Every structure is written in C-alpha cells, then in structure tokens.
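Whole structure, please, built from the sequences with the hints as guidance.
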Amino acid sequence: MEEALVRAVLFGTPILLAALGALLAERSGVVNLGVEGIMALSALAAFAAALGAGPWVGAVAGVGAGVLLSLFLGLFAITLRANPFVAGLAVAALGLGASGILGKRYEGVPLENPLPEVPLALLSLLLAFLLHLLLYRSRFGLYLRSVGENPKAADLFGVGVEGVRYLALGLGGGLIGLGGAYLSLAYRPSWTDGMTSGLGWVAIALVILAAWEPLRAVFGAYLFGLLFFLQFRLQGSVPIPSEAFAAMPYLLVILVLALSGRSRAPRALGQPFERGR
Amino acid sequence: MRLELDPAPTPRKVALSYGAFLLLAFLLLGLLFLAYGVSPLKAYGLLLSPLLDPLGLAEVARRAIPLLLIGAGLSLAFRVGFFNIGAEGQLLMGAVGAAYVALFLPPGPYTLLLMFFLGGALGALWAGFAAWLRVRFGASEILTTLMQNYLAYYLVVYLVAGPWKGQFVFGFLYTDRFPEAARLPRLGETLVHWPTLLLGVGAALLLHLLLFRTPLGFALRILGENREAARYLGLKEGRLLLLVAVASGLLAGFAGVGEVAGIHGRLLEPAQISLGYGFTAILVAWLARGRPGLTLLTAPLLGLILAGGDALKLAFSMPFRVVDVVAGLLLLAWIGAEAASRHRILWRR
Numbered sequence: 011m012e013e014a015l016v017r018a019v020l021f022g023t024p025i026l027l028a029a030l031g032a033l034l035a036e037r038s039g040v041v042n043l044g045v046e047g048i049m050a051l052s053a054l055a056a057f058a059a060a061l062g063a064g065p066w067v068g069a070v071a072g073v074g075a076g077v078l079l080s081l082f083l084g085l086f087a088i089t090l091r092a093n094p095f096v097a098g099l100a101v102a103a104l105g106l107g108a109s110g111i112l113g114k115r116y117e118g119v120p121l122e123n124p125l126p127e128v129p130l131a132l133l134s135l136l137l138a139f140l141l142h143l144l145l146y147r148s149r150f151g152l153y154l155r156s157v158g159e160n161p162k163a164a165d166l167f168g169v170g171v172e173g174v175r176y177l178a179l180g181l182g183g184g185l186i187g188l189g190g191a192y193l194s195l196a197y198r199p200s201w202t203d204g205m206t207s208g209l210g211w212v213a214i215a216l217v218i219l220a221a222w223e224p225l226r227a228v229f230g231a232y233l234f235g236l237l238f239f240l241q242f243r244l245q246g247s248v249p250i251p252s253e254a255f256a257a258m259p260y261l262l263v264i265l266v267l268a269l270s271g272r273s274r275a276p277r278a279l280g281q282p283f284e285r286g287r
Numbered sequence: 401m402r403l404e405l406d407p408a409p410t411p412r413k414v415a416l417s418y419g420a421f422l423l424l425a426f427l428l429l430g431l432l433f434l435a436y437g438v439s440p441l442k443a444y445g446l447l448l449s450p451l452l453d454p455l456g457l458a459e460v461a462r463r464a465i466p467l468l469l470i471g472a473g474l475s476l477a478f479r480v481g482f483f484n485i486g487a488e489g490q491l492l493m494g495a496v497g498a499a500y501v502a503l504f505l506p507p508g509p510y511t512l513l514l515m516f517f518l519g520g521a522l523g524a525l526w527a528g529f530a531a532w533l534r535v536r537f538g539a540s541e542i543l544t545t546l547m548q549n550y551l552a553y554y555l556v557v558y559l560v561a562g563p564w565k566g567q568f569v570f571g572f573l574y575t576d577r578f579p580e581a582a583r584l585p586r587l588g589e590t591l592v593h594w595p596t597l598l599l600g601v602g603a604a605l606l607l608h609l610l611l612f613r614t615p616l617g618f619a620l621r622i623l624g625e626n627r628e629a630a631r632y633l634g635l636k637e638g639r640l641l642l643l644v645a646v647a648s649g650l651l652a653g654f655a656g657v658g659e660v661a662g663i664h665g666r667l668l669e670p671a672q673i674s675l676g677y678g679f680t681a682i683l684v685a686w687l688a689r690g691r692p693g694l695t696l697l698t699a700p701l702l703g704l705i706l707a708g709g710d711a712l713k714l715a716f717s718m719p720f721r722v723v724d725v726v727a728g729l730l731l732l733a734w735i736g737a738e739a740a741s742r743h744r745i746l747w748r749r
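Sequence order for the protein chains is A and B.
For the first sequence, our numbering gives the first residue as 11, with consecutive numbering after it.
For the second sequence, our numbering gives the first residue as 401, with consecutive numbering after it.
FYI, nobody ran anything at the bench for these hints, they're computed from the structure.
Just so you know, these numbers come straight off a predicted model, no measurement behind them.
It is possible that some hints are incorrect.
Restraint-style ranges between C-beta atoms, simulated for each label pair [claimed, not checked]:
no., chain 1, residue 1, chain 2, residue 2, range
1, B, G538, A, P129, 32 to 42 Å
2, A, R198, B, L598, 40 to 50 Å
3, B, G562, A, F95, 31 to 41 Å
C-beta atoms are modelled at their ideal positions from N, C-alpha and C, and glycine is treated no differently.
Okay, structure coming up:
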C-alpha cells in the first residue's frame, strides 16, 4: 500500500511537471500540443549533458531545451498567428523525430550518477504551489489570466499580450523540459527512443481534467501515477492481457475528457491575438 | 516592430515567403543530418532518389495509396472543423476488420468485398465514436482520437500476440497468411495494389465534388467557415460533424484494409502495418488546404518523402523517425509561410 503510493507519486511527477507547463501556457491562451515532443527532446538533451557534465547540468540542459523548443512553437503560434493546434502537432513530431535520430548513439549507454527521485518529486509539488501563487497572488498572474480570458481588454490596459504569452509558453516549456529530464536522469536513468510513451498527451488531458488549476493537477497526476503503477503490479497476476493494462491510461483520458469536456477553458484559448480586430 | 494584416499580398511576396520558409526547413534538416554525421547534400539526394527509377516510383505510389485515402477524408474533416488526429488508429481498426474476414470467414469471391466492408465500418466506428463524444459531451476530438490511436495499437498487439497469433509462425508476432482470395492484385512485380489506388483517386474526386458541387457540401463549408452562421441557418451541426467523421474514418479503414490485403497478406505488429501514415496524412490534408481534389498532388509528394526516408534509413542506418522530422518541418514551413504571406511587418508602433 505504502509502496503503491510512493510509486504513484514518483511516476506522477513527470506527468505533473509536463501538465503544469502546458497549463501555464494555456492560461495565457496558447495551446501547446507539442508537449510529447518537447519532453522527448528535453530528456535527450538532459541525458547527453549529464553524461558530459554531471546530472545537475543535465537537468538545466533539459529545462533549456524545453524553453527553446516552446519558444520556437511560439514563433509560429504567437508571432505568425498560424493555427496553434497544427503548429503544436508539428512540434510534437519534430521533437520526437529529432530525439530519435540524435539519441541513437546514446541508446543503451548507462548513466553513472542519476538524480534522486524523491527530492525532484518534492520540487515538482513545490512548483505546483508556486504556480498557484503566481497565477492568483501576483500581478504577473493577473496579467497572464487576463491575456488568456480577454486579450483585447488586456491590450487596452497596456498589457503586452504577445510578451506575456511568450513568457508563459517559455516558462511552461521549462517545466515540460524538467519533466523530460526527470525521465532520463532520475526515473529511468537511461535513454531509449520513445521513452516518453504518451506521457505528454496524458499531461495535456490532465490540464483539462484539472480544469486549468495547478493544485488540482497534483491530484490528477498522482491518480495517473497510481494507475500506471497498478498496471505494472497487476500484470501477470490477474487473467487480463497485459495490453489491456497498457491501454488503460489512454482509456482513462477519454473517460476524463467525456466527463469534464465542458469544463470552462480560458476564453481566448487557441485564438491568435490580432490587435485592432 | 509588429505585424499587421496584409489585405492583398502580391504574388511575389507570397512566393518569397514560401521559398524562404522551405529553405529554412531544409537548412534545419541539414543541421540535423550533420549532427547525425551524414552529409546533408547526400541525404537530400537520397531523399529524392525514388524519382529516378521505375521501382522507386512504384515505392512512391505504394505509399501514396494510404496517404491519398486518408488525406482525402481528413481534408474534408479539417475543412468542416473536425480535427481527426486518429487516422492511424482508424487505419489499424480497418486492418483488424480485414484480418477477421480473411482469417475466420470461409474464403470465396466475396471475401475482398467483405474485408473492405468490415474494415471500413470499424474505421468509421472508431472515428464516429470521437465525434459522438464531442457532440454529446464536448470532449475535444483532437485528444480523444489521439488516445484512440493508442487503444487501437494495443488491440492489434494483443491480437497478434494472443488469440490471433498464427499457428505456423512460432516466435513472430503475426497471424497466419491470408488465403489467396483475401489478397489484392498488384501491378506486375511491384507492391502497388491498384484497386485501392483507384479507390483513393475516386474518393478524392468524389469528396471534391461533394464539397463544391452539392447542397450538402455547401452546408459543410458554411459550418467550417462560421459556426454562428451555420446555427443561424438551422444546420444540424452534430449530424454534419458525425457525417464527416464517419467518412474520414471509413476511408482510413479502407487504407488499413489495403495495407494488409495488398502488401503484407497478414495482420502484424502495428508499427509494421502503418509507417505513420495517419500522421503523414495530416500533412497531406493540410497542404491540400481543405480541397480533397488537391490531395491527388500532395499524397504522392508525401509518398516521395516516405519512400525517400526509407532509402535514407537503409543507406545510413538512420532511425525511421527521420520521416517525422521531415514531415514536422515541412508542416511548420508551410503554415509559417502561409501566415507570413498574410502579414506585413511594421517597424513603428
């Protein structure tokens, strides 16, 4: 029982970090569907840097990769006002693909000094609280929410809509990157192609389940973590094929979407901002 | 500095922005090749190499078949505002349906027809479910169809590793070979299963006509352009969404039937049935800009990239992910150029 809870938290941590990152961007009105690819590339960047310069440098590299790839998405979704959903999917494919190609030489290479999981899990919990405070107790959070709800009004009050959105997307990318780094440096200290295994998509669904609230995302992430743990634990001991367990998280996401599909999203979510229109 | 809408971009500006963004995409791709340790020029050459000989062209055609079928359906669905990202799963369901008919029903002259029927129906059901969830519960189809991809994936893995595992295949994960009556004819020595190709061409033309020449198509276009107007006109949004979802799922299911009946002759691991056709077809549809007829051009183009990616993979032992990268970069270049040509830069506020 105790073990189950610990494993649930440890496996929920990358989901939580990625979900917080996606949530931050969505609160400013930018949809980031690139999460899966950003996680994959960050995990690789973190692993490569950790081999050369130690795990903490690796974590920083993972965060940096997440920020950069998210800002790259911002170039299309914010500045060029391209369709943010398509741009996000393209970034997901790009990140997954590039990590698969560049990471081939790291396949099977062991990491001598992995990061400890528990402090990182605590850090992610702290980050969830900090994000809550940032959103609801700071001036920047007020700007960020207003940009996500009504960019036109925010613009009239002198808030730089595009600047706030870039900042939210970039900071969120850092969180997603940290989630990727957690995978390759702590949870499973190694690199394999496709090691994110759909966690990025789970994180995006979690944002909806959490109704765009960081603290609710914590519970959702640990719930998913518990499910993933049960899937491992029950395999072989009950007469249910292992594929059914593997498919469970995805089934759960669909269920969650059906149950909470009409929960209220930031009003300007996914709408490019065009001044004077 | 800021951007402003350009109401009437000149053709020169449009051409320049598409050129610049494509160049950027190929530069980034080149950097990636360099980082992998391959000369970019050689890699580009290989990417285009299938154009040079008949066998290469046949490879392009073979990959264009599922892309055309799926892309035509998706271009319709996207235009109407149903973002079906789940063609990969719908294709796999089509393959499952076809395999069931081939393996468990007595073979006869109707076998192929039945395979297309059941495969298409399962694909349509898979997509229709997502549409129902959106209409009934407001669940984003981008996410539900995506999740259904994983469900279909695990279903196929379960089938080929479990109850449908072939009696004569020992260690491998696939079913027994389909009987001869369940195999699609091919063009000569190539892997081009021509009935499916004809089906794809027909579907693209038919959907094009439907969209631009019929009252139903007019209603669909209105719904895609302006949901408020559609509501005002009394159009049944839910029913129309369900219709395009089912149509695109049906075609993706057909594509799955074509792959197992035309190429492999058995159900096998999902990654071998589809080389990411569902995702590449998103690009096919997006490049066609909501015109199903244009997929007749864009599907072979992406077929070339898949075939070229295969050549790259073999020559430099690169992971197949190279195709994802090319597709992702092209997609970004395309939407970036489209957006850039619609705007002009103002240097003063």
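Results for each hint:
1. G538(B) / P129(A): 32 to 42 Å: holds, 40 Å
2. R198(A) / L598(B): 40 to 50 Å: Holds, at about 48 Å.
3. G562(B) / F95(A): 31 to 41 Å: Holds, since G562(B) and F95(A) (Cβ atoms, about 36 Å apart) stay within the stated range.
Of the numbered hints listed earlier, not one is contradicted by the structure.
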